[in-house]
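Participant: In order, the protein sequence lines correspond to chains A and B. To convert, take the position in the first sequence, counting from 1, and add 58; that gives this note's numbering. To convert, take the position in the second sequence, counting from 1, and add 58; that gives this note's numbering.
The reader is advised that the hints may include incorrect statements.
[As the list claims (entries may be wrong)] Label pairs and their in silico Cβ distance ranges:
hint, chain 1, residue 1, chain 2, residue 2, range
1, A, GLU292, B, SER315, 49 to 55 Å
2, A, LYS277, B, SER329, 54 to 60 Å
3, A, GLU68, B, GLU248, 31 to 37 Å
4, B, HIS300, A, ARG176, 28 to 34 Å
5, A, LYS277, B, GLU239, 38 to 44 Å
6, A, HIS300, B, GLY273, 24 to 30 Å
7, A, GLY94, B, GLY377, 52 to 58 Å
8, A, LYS277, B, SER252, 33 to 39 Å
9, B, ASN358, A, ALA67, 56 to 62 Å
10, A, GLU292, B, GLY377, 37 to 43 Å
11, B, THR71, A, ARG176, 32 to 38 Å
12, B, ASP177, A, ARG77, 43 to 49 Å
13, A, ASP177, B, GLY273, 46 to 52 Å
14, A, ARG85, B, GLY377, 43 to 49 Å
[As the list claims (entries may be wrong)] Partial chain B-side listing against chain A, Cβ under 8 Å, derived:
hint, residue
15, LYS65
16, ALA67
17, LEU69
18, GLY73
19, ASN130
20, VAL131
21, ALA135
22, GLY337
23, LEU352
24, ILE354
25, ASN358
[As the list claims (entries may be wrong)] For lysine to any residue, the following SDA-like pairs were computed, each having C-alpha atoms within a straight-line distance of at most 20 Å:
hint, chain 1, residue 1, chain 2, residue 2
26, A, LYS64, B, HIS209
27, B, LYS64, A, LYS64
28, B, LYS211, A, LEU61
29, B, LYS290, B, GLY337
30, B, LYS211, A, THR364
31, B, LYS240, B, LEU289
32, B, LYS182, B, LYS64
It should be emphasised that the hints constitute simulated quantities derived from the structure, not laboratory data. If you're wondering where the values come from, they're calculated on a predicted model, not measured in any experiment. For each residue, glycine too, the CB sits at the ideal point set by N, CA and C.
The chain contents come next:
Protein chains: 2
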Amino acid sequence: VQLLQKKRAELHTLGIDWRITGIASRRLGWCVNTGGFDPENLCGADPCGAGALAREKSINDVHQWLRSVQANVLFEATSLNVASGQPAIDNLRAALEFGAHAITANKGPVVHGYQELRDLAQSKGKRFLFESAVMDGAPIFSLFRELPAIHLKSFRGILNSTTNLILTEMERGMTFDESVEKAQSLGLAETDPSNDTEGWDATVKVAALVTVLMGVPTKPQQIQREGITRLKVEDVRAARQHGQPYKLVCRAQRTSSGVEASVGPQQLPLSDPLSAVAGTSSAVYFETDVLPGLAIIESNPGVETTAYGMLADFIHAVG
Amino acid sequence: VQLLQKKRAELHTLGIDWRITGIASRRLGWCVNTGGFDPENLCGADPCGAGALAREKSINDVHQWLRSVQANVLFEATSLNVASGQPAIDNLRAALEFGAHAITANKGPVVHGYQELRDLAQSKGKRFLFESAVMDGAPIFSLFRELPAIHLKSFRGILNSTTNLILTEMERGMTFDESVEKAQSLGLAETDPSNDTEGWDATVKVAALVTVLMGVPTKPQQIQREGITRLKVEDVRAARQHGQPYKLVCRAQRTSSGVEASVGPQQLPLSDPLSAVAGTSSAVYFETDVLPGLAIIESNPGVETTAYGMLADFIHAVG
């Protein structure tokens, strides 16, 4: 909402005006205002407060909201469900079936619902976009939309900021628990950090990249996965001191029968550019048939970085 | 031509069929065949040989070729003219005025003719595209086309492969002259390597990025420029040994009055990711208002990498 506000004038010059007609979260439930909420209030402590905002009480789910306000776009940002991609898939499907564009920052629906949602979007003449699902707002999926007639052979990367920060902080002297707390205080790790530390977040990202960019539908459960919880702090420090630091490395490689992919801690030599990806940065190196080495690196991401990915999707969809 | 051939079936599935109706070079002059040359012959030793190919003798310039064959696309790949961007600008203008798309791998017309050629293309409903002008086929310009409502604040990069290879080889024991010869043998440096070693190639690339991505028309002569010829081989080696290697660093920074840009050799700490860009690789780190750090790195580029940039432009233009 803050980024939409900040870019309001610029969006207007692109022919895009907007109002926010509904918001929903586990805590708030559905708050709907057909005339459009005041965005300043939405960023405050009591976004749906009865005093500040008109609230249309009768709306209780995404279908009712879509119909009631005749919505054009849904921004979906529920948290990751590794096993099924729900409820994100249902929300996105509802938007597309109604005829609204569906934009998500959630990688769950990309790995569990890509083909269905892509085909549904196409049949409705709408867009299903998810740039922020991998590497925040860094343009991974849109980059490959700009690379026609190219074949992705393999990629290697560091795709989970939380574990990368934890490893960096452990190298610098923190314990595992202290570095997890630091990641939580920065808003990177959730209260239960196990999706990150057990490698699930990275694994779902790999599955999303393989599914979309390599065209091979892949579930997280099909990817060889190991997290960083077995690493001892003294081993992490010794590895760095010996110039072979640990990184949680994501890999995928096209094979004759499909794609082989894995996520796991590896010691990398300092000559490997991935060894220099520190803290909250992330990076992915692509090998393609016509561009032998192309890498995207994102450093210093923040909340606005993820928001920008969704904003870019929005502009691509409606612009 | 080889890449067009290799991708013929795939282009056909994109609805794109093609034939090559004319080629021209300083050595060959104009060779035109309205029915289309045999691409296999074009890659041989005698592309316009009278025996193998019908040659239409009356065509002597780009205007005659455009009219004679009713061309749809011009691929322009003359060598760099730092001072004026000619004759590339005239060739590209001729194509656009006729109503053909204009694609170039030459950065000269981007810095000396961008506004004119862009506006001309727009007025004709055609495209002026130049992805291969900077970092070969790595998608720099197309990346920013996919990043709407973004403001580029600054960038830093290593954009000239020849000098980067020369510095790497000097660190490894070659003399300056030996490393220049190696760059020439790899097809990187021209017979007269001074455009590279004096920093002109990198400077024109910086001017192209500033002009197109920052929207500030900039000529190479306005950019502070120093090449690598003043560096002594023993200094280059000592700098590397002390962990502060020399790199030919390109920079641009938006200021209150415009953009400040420079190209020159600098010693970088090993903690700087640019210090790890070795040999023929290149890299650019962008700082934008919404993505604080976004980098593109290209490694192991070759002739096909540059060709791919032009192919991607072609598909964007006609697809």
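Participant: If a hint holds in the structure, say so; if it does not, say that too.
Facilitator: Consistency of the hints with the structure:
1. A:GLU292 <-> B:SER315: 49 to 55 Å: Since the Cβ atoms of A:GLU292 and B:SER315 sit about 54 Å apart, the hinted range of 49 to 55 Å holds.
2. A:LYS277 <-> B:SER329: 54 to 60 Å: Violated, since A:LYS277 and B:SER329 (Cβ atoms, about 39 Å apart) do not stay within the stated range.
3. A:GLU68 <-> B:GLU248: 31 to 37 Å: Violated, since A:GLU68 and B:GLU248 (Cβ atoms, about 43 Å apart) do not stay within the stated range.
4. B:HIS300 <-> A:ARG176: 28 to 34 Å: Once the Cβ atoms are compared, 53 Å apart, the range 28 to 34 Å for A:ARG176 and B:HIS300 is violated.
5. A:LYS277 <-> B:GLU239: 38 to 44 Å: violated, 53 Å
6. A:HIS300 <-> B:GLY273: 24 to 30 Å: violated, 48 Å
7. A:GLY94 <-> B:GLY377: 52 to 58 Å: violated, 38 Å
8. A:LYS277 <-> B:SER252: 33 to 39 Å: With Cβ atoms ~56 Å apart, the hint is violated.
9. B:ASN358 <-> A:ALA67: 56 to 62 Å: Violated: the Cβ-Cβ distance is about 43 Å, outside 56 to 62 Å.
10. A:GLU292 <-> B:GLY377: 37 to 43 Å: violated, 56 Å
11. B:THR71 <-> A:ARG176: 32 to 38 Å: violated, 18 Å
12. B:ASP177 <-> A:ARG77: 43 to 49 Å: Since the Cβ atoms of B:ASP177 and A:ARG77 sit about 35 Å apart, the hinted range of 43 to 49 Å is violated.
13. A:ASP177 <-> B:GLY273: 46 to 52 Å: violated, 39 Å
14. A:ARG85 <-> B:GLY377: 43 to 49 Å: For B:GLY377 against A:ARG85, whose Cβ atoms are near 46 Å apart, the range 43 to 49 Å holds.
15. LYS65: This interface hint holds because 5 Å falls under the 8 Å limit.
16. ALA67: violated, 10 Å
17. LEU69: holds, 7 Å
18. GLY73: violated, 12 Å
19. ASN130: violated, 17 Å
20. VAL131: violated, 15 Å
21. ALA135: Violated. Min distance 17 Å.
22. GLY337: Violated - the Cβ of B:GLY337 stays beyond 8 Å from chain A, reaching only about 11 Å at its closest.
23. LEU352: holds, 6 Å
24. ILE354: Nearest chain A Cβ about 6 Å off; hint holds.
25. ASN358: At about 4 Å, which falls below the 8 Å cut-off, the nearest Cβ of chain A leaves the hint on B:ASN358 intact, so it holds.
26. A:LYS64 <-> B:HIS209: OK: A:LYS64 and B:HIS209 at ~13 Å, within 20 Å.
27. B:LYS64 <-> A:LYS64: Measuring from Cα to Cα gives roughly 46 Å; hence the hint is violated.
28. B:LYS211 <-> A:LEU61: Holds, because 18 Å separates the two Cα atoms, which is no more than 20 Å.
29. B:LYS290 <-> B:GLY337: Holds, at roughly 18 Å.
30. B:LYS211 <-> A:THR364: At roughly 19 Å apart (the allowed maximum being 20 Å), A:THR364 and B:LYS211 satisfy the hint.
31. B:LYS240 <-> B:LEU289: holds, 18 Å
32. B:LYS182 <-> B:LYS64: violated, 31 Å
Hint compliance for this structure: hints 2, 3, 4, 5, 6, 7, 8, 9, 10, 11, 12, 13, 16, 18, 19, 20, 21, 22, 27 and 32 are not met, and every other hint is.
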